[in-house]
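Chains as they are written, first to last, in this note's numbering: chain P, 1 to 656; chain V, 1 to 124.
Check before you lean on any hint, since a few could be wrong.
To be verified - Facing chain V, a subset of chain P residues (Cβ under 8 Å, in silico): (1) Lys444; (2) Arg450; (3) Leu574; (4) Val605; (5) Leu607; (6) Arg615.
Just so you know, these hints were derived from the structure itself, not from any lab. Predicted model only: the values in this text are computed from it and were never measured. Glycine is no exception: its CB is placed at the ideal position from the N, C-alpha and C atoms.
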Amino acid sequence: MSAPARILVVDDTPNNVTLLEDMLTARGYEVATARDGLEALERVASGAPDLVLLDIMMPRMDGYEVLEHLRTDAKLRHIPVIMISAVDEIESVVRCIGLGAEDYLPKPFNSALLRARVSASLEKKALRDEVRASLQRLEEELAAARQLQLSMLPDMFPAWSPRRPVQIYALMDPAREVGGDLYDFFDAGDGVFCFLVGDVSGKGAGAAMFMARTQSLVRMAVRFSRRAGSTGVSPAEIADAVNAELYQNNRDRMFVTMFLGFLDTKTGRLTYVNAGHLRPHLLHGSAAIEQIEGKPEAPLAVRPGFRYQERTAMLRPGDALFVCSDGVIEAMNAGEEFYGNERLEADLRVAGKGPPEELVRAVKKDVDAFAGQAPKADDVTILMLRWEPELSPQTTDLVISNDIAQLAVLTEAMERIGAEHGVPGKALVQLQVVLDEMVSNVIKYAWADRDRHEIRIRIAVLTDEVRVEIDDDGLAFNPLLAPSPERPSSGRRMPGGLGIHMVGQLVDSIDYARIDGRNHVTLVKRCVPVAPNQQKKESKLADSSLKVAETRSGEICIVAVSGRIDSTNANDLLERLIKLLTSGEKTIVVDMSEVLYLTSAAFRVLLVAANEAGRNAARFVLCSVLGHVSELFEMGGFLDDFTIHGSREEALAKLA
Amino acid sequence: MSLVLIVEDNERNLELVRDILHAKGHDTLEARTAEEGLKVAHAQTPQLILMDIQLPGMSGIEALKALRAEPGTAGIPIVAITASVMQADRQEIMSAGFDGFIEKPITVRSFMDVVEAALGSKNP
Numbered sequence: 001m002s003a004p005a006r007i008l009v010v011d012d013t014p015n016n017v018t019l020l021e022d023m024l025t026a027r028g029y030e031v032a033t034a035r036d037g038l039e040a041l042e043r044v045a046s047g048a049p050d051l052v053l054l055d056i057m058m059p060r061m062d063g064y065e066v067l068e069h070l071r072t073d074a075k076l077r078h079i080p081v082i083m084i085s086a087v088d089e090i091e092s093v094v095r096c097i098g099l100g101a102e103d104y105l106p107k108p109f110n111s112a113l114l115r116a117r118v119s120a121s122l123e124k125k126a127l128r129d130e131v132r133a134s135l136q137r138l139e140e141e142l143a144a145a146r147q148l149q150l151s152m153l154p155d156m157f158p159a160w161s162p163r164r165p166v167q168i169y170a171l172m173d174p175a176r177e178v179g180g181d182l183y184d185f186f187d188a189g190d191g192v193f194c195f196l197v198g199d200v201s202g203k204g205a206g207a208a209m210f211m212a213r214t215q216s217l218v219r220m221a222v223r224f225s226r227r228a229g230s231t232g233v234s235p236a237e238i239a240d241a242v243n244a245e246l247y248q249n250n251r252d253r254m255f256v257t258m259f260l261g262f263l264d265t266k267t268g269r270l271t272y273v274n275a276g277h278l279r280p281h282l283l284h285g286s287a288a289i290e291q292i293e294g295k296p297e298a299p300l301a302v303r304p305g306f307r308y309q310e311r312t313a314m315l316r317p318g319d320a321l322f323v324c325s326d327g328v329i330e331a332m333n334a335g336e337e338f339y340g341n342e343r344l345e346a347d348l349r350v351a352g353k354g355p356p357e358e359l360v361r362a363v364k365k366d367v368d369a370f371a372g373q374a375p376k377a378d379d380v381t382i383l384m385l386r387w388e389p390e391l392s393p394q395t396t397d398l399v400i401s402n403d404i405a406q407l408a409v410l411t412e413a414m415e416r417i418g419a420e421h422g423v424p425g426k427a428l429v430q431l432q433v434v435l436d437e438m439v440s441n442v443i444k445y446a447w448a449d450r451d452r453h454e455i456r457i458r459i460a461v462l463t464d465e466v467r468v469e470i471d472d473d474g475l476a477f478n479p480l481l482a483p484s485p486e487r488p489s490s491g492r493r494m495p496g497g498l499g500i501h502m503v504g505q506l507v508d509s510i511d512y513a514r515i516d517g518r519n520h521v522t523l524v525k526r527c528v529p530v531a532p533n534q535q536k537k538e539s540k541l542a543d544s545s546l547k548v549a550e551t552r553s554g555e556i557c558i559v560a561v562s563g564r565i566d567s568t569n570a571n572d573l574l575e576r577l578i579k580l581l582t583s584g585e586k587t588i589v590v591d592m593s594e595v596l597y598l599t600s601a602a603f604r605v606l607l608v609a610a611n612e613a614g615r616n617a618a619r620f621v622l623c624s625v626l627g628h629v630s631e632l633f634e635m636g637g638f639l640d641d642f643t644i645h646g647s648r649e650e651a652l653a654k655l656a
Numbered sequence: 001m002s003l004v005l006i007v008e009d010n011e012r013n014l015e016l017v018r019d020i021l022h023a024k025g026h027d028t029l030e031a032r033t034a035e036e037g038l039k040v041a042h043a044q045t046p047q048l049i050l051m052d053i054q055l056p057g058m059s060g061i062e063a064l065k066a067l068r069a070e071p072g073t074a075g076i077p078i079v080a081i082t083a084s085v086m087q088a089d090r091q092e093i094m095s096a097g098f099d100g101f102i103e104k105p106i107t108v109r110s111f112m113d114v115v116e117a118a119l120g121s122k123n124p
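With the rest of the complex left out, here is chain V (with noise of 0.2 Å):
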């Protein structure tokens, strides 16, 4: 049982994606943009962060970096979800350093195996 936040502006696609973690046993935190995102991760430490990129003011990525500045949510794996498909998005979002990555619109089944092999990543 982990502790997941979701940083995603569509409400639709949010609770889709924290129905499915509750499914599987787990809780979620919600932010509707970055800069809440930022604000909960500090706050709360969460095991899981699940972070849409396009995102209204700041993106996806930029919340990215300043998680990883801090030391205190440094350490914390991050999942983008992303509707973009194009090549070279994807390969930007890949060498900013995110852990996984999850399309939309989600899959179940790789939507899972992502997220377990996150949290599965960093743990201890």
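Chain P on its own, in the form it takes in the complex (with noise of 0.2 Å):
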């Protein structure tokens, strides 16, 4: 058995009070009375009534004023009121109806109406109150799994820090309690970096289920590839994975756009497919946005089998990446006007070099402007990556023009950095050469026309290694499918490929993107550089051009050459070399004991002069060919083009 029902009955005429006492009380109502409207209001207020039974004209305060202020108390406004009122009182009934007040008893009483509408009223109350509680309990609810729903997105924003080298913010505002956006962002290992943005289609509580279905096949796609293979993960077999897994079992044929992206740390090489999502924008360190590259393919879960395809972007220090769902473009003002790409370029533009949280909220903070009071349409995420790697002050930034005679800037300044930064002598030299077959390679062969162009050169010093990028916008070569050089035993033709086949060698890693029409190539050279000081006092700094000079011994004719022989000066040694030899020299040795390098411009230059001396049946050996020189004999593979002596003595003691 529930409590009896508790009915207050408001009249300032006793015996009306009296007779409604008993009669209610008598079928099993818990009755409180009180003899006016201010009486009636403290009588609610120390608990409130089931019902209420009201008389219009009262002294103190009358029943309209006790009806407008139950209404207008969120508490009260739920508790039934019938007024009590005489036949020719009807229009003050109207009006009491009007004000909220849920039926009426006319005087004098008659028990049997009385009974059917007290208890009718009170039906009425008890079902609302059901309908309220369960409303409630849904609302709990709801906000539970909202609860649950942003638990999910991590919230947590990782510091930057030397060994994640990024910076990140992202929020998602569902437009109802729970929303089908999400987005997301793990290390993924080996320094590469995952973070993603998606958009369930539909909204609310089914695409909140989907959208949590997808993160989790994500994530556990991405940690189960990283145990299947050694290599990197790929945005693309993830995709592939997802897709196939949530294309199963999906009735309601949901899908969900997403931009996925894996971005490594280490050299700001960004791969990502983009599966029917907004193309994200890029953001330059030099506050030029583009979108990034790449018409958006099928969303996730709409074609069974399908293969993604991945693309590359290559991050310069300070991009951002700017990732946001079809809430923020399409989201609309009172004048049904959308806010635009152009509207988010603009917000970019202004606050795009700042920190990512600043930059999210600001564009968050003018959608919700520019929707103003119009209901929102659409979930909101917005996700901001910036790539900021620790870039030693060992930095410099070169431009030079695609002329040959421009390699010397290039030489020289790799030298002035190396001696600066403690670079190790031989990493250095190997530098050099490296710098000079790249760059001499694209101002050879990256334009067709014969216009000025310009090469970008990036050299950073770091702590344990350097790191060489060259940027430049001629046709599309990738120097890691350049084949290997075909070297003939005769050594008669120079083989094309020399230069690159040797930088092969010469460095630790080579990374090559196409991107926006431009070659960006990366070479790492690991090497610990040295405190300055401890760098062995060299002279060579001063002068290290190319110098022969030719001194005599007998019928011999010496050549000792020194300084670096490069693309900018092989041909002044060849043009001394074949002079004497059209000029009937018949033995040439040539010292090498003052050579700091030579690169594969170099080598050519010497397999010329080689081939004219066997056709004028002269001798052509080289001497003293010494430490990392040889070493660059070895790598060419040119040991066996050239008879070589140890010193200039054994030289000419076999030559006599």
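Starting from two chains that each stand alone, build the complex the way the hints lay out.
Shown next, in the form of structure tokens:
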């Protein structure tokens, strides 16, 4: 048995009160009474009744005022009120019903009517209470679901660290309690940082569940893919796997668009898949903004067995990626205008250089201000990621034009950088060879026209490596795909690709990307810079240009070469050697003891001279090929092409 | 990287020129007589022809005229190679319409300068 309903009877006529109290008590109700409006409100305040029987005309406070008071109080407005009125007060009753009274009871009282109206009102109230309670339960459940959903998305944004040199911020604001948008980010191992933004079709609880399923699948796919293979995680493979899973048991044919990116925080190489998502914006350090390349492909869960295409972009230090869901672009104001891409880009231009958190919040604020009071149509998700690799102050940017003579600028810059930052001598020489080979290759082959073009070079001396980046807008050329040169045993023909082949042996890694019509090559040479004062005092910095001096020892012509022999000066050496040969010299010894290094251009020149000597029945030998210069001969595969003696004395003795 | 036809009857000289061009990354075609050179030029349309003047049979100057008369080869730059340093010979060679002039024995620097200039002059 539930507790008896409590009824408050309010009337200034004591007889009426007594009569009603008796009749109601007899029906088993619990009755309280009040003689005017004020007393009635006091009673209500001390314990809300289930029903109020209310007279209209009373001293101190009349029935209208009591009604108004009850209806404006959120806790009391659901208490049903039955007006007590004389038959001639019908206009007042109408006014009371307008004020929220539920029914009326005419005086004099008819006990059957009283019974019927009271029990009908109490019954309705009970029903309403029940509806309210279940609604409240639903709301609590939705609130819990919302909390759960939001807690699935990472809200701890890792601070920048040398190990994870990124700044990131993201937010998701569902249009309803729960939404179908998602973002996520996590370390995928080996310095690779994974991030994604997704948007499930539809809204509400169904979309929220699909979103949860998607997020878990991506995380698990990445985890197992890391386990399965030693090579890096591929976003295309992850997308293929998640797509295949989401397609299963998906009767409502829901789908999800997603931008999934993997940033190699060591190199700035971004590999990504765009499954039907808005194209993110790439914000360059210089505040230039562009949408990332590549037409969006099919959303996830639409096409079974779809193979996603993996794309690559090369970020430069300070570049940022801005990814959002279409809730941003398609936010609508009261005038039914869209927020749109142009407005977004204007925001990015203003705040694009600031920290991700500021920018993300600024865009969200602007979108909210734009939409104003218009009802939210879609979830809004925004993620921004900036790559901030640890740039040592030892970073130098150089720009040269496509003129072979400009290589001297580069060689000297490398020499200066190496000396300033303590790059060990051998590594420095090898880097100079690498620069000469790579950049001369660009100058010779990158452009079909003869116009002036720019080549950008960045040299960074880091704690355990030197990193060289070369960037040009010439024809696409991937040095990783260059065929290895075939060297016929005769040595007569000079193979192409020799320089690139040598570079491959001189550096620890080569990375190539074609981005927006530009070639971007990153070369890494591992070496630990030493404190500059630990460097041997070397005078070669003063003058390392090519010098050729001839001396004679009887019939033998000795050519002493010093300095570097590279693509800028190899012709000078060739000219001297050919001149000696055509003027009838029959024995030439090239003393290499003072040579700093040779590039492939220099080797070619020596081969031409050796061939010419052969045609002239002359002897052409090298001597004193020392240390790292000898290694270069070996790398190029030239040791067999020349007669090489250990020292000048040895050469003279052999040739005498 | 360009394709260069060398028309030269002196084997040693031909090989030196060929080596230098290879060292500079160019591909080469070879002919020992002007008649053979004309055939190769028609068949393969090189980007540059280095033409010895004193050849057995048809001379380099005659070969130049024949090449210029043919629409297929009229646009190819042709550089003369000659051992003759007589002013009058030189005059005759230049007025014949060669795009450059290389003296034998060749000096590497000026040889490459003339070749590069000739290759550049007719590039589209």
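These are the hints, each one checked on the structure:
no.	hint	in the structure
1	Lys444	6 Å, holds
2	Arg450	5 Å, holds
3	Leu574	5 Å, holds
4	Val605	6 Å, holds
5	Leu607	7 Å, holds
6	Arg615	5 Å, holds
Checked against the numbered hints above, the structure breaks none of them.
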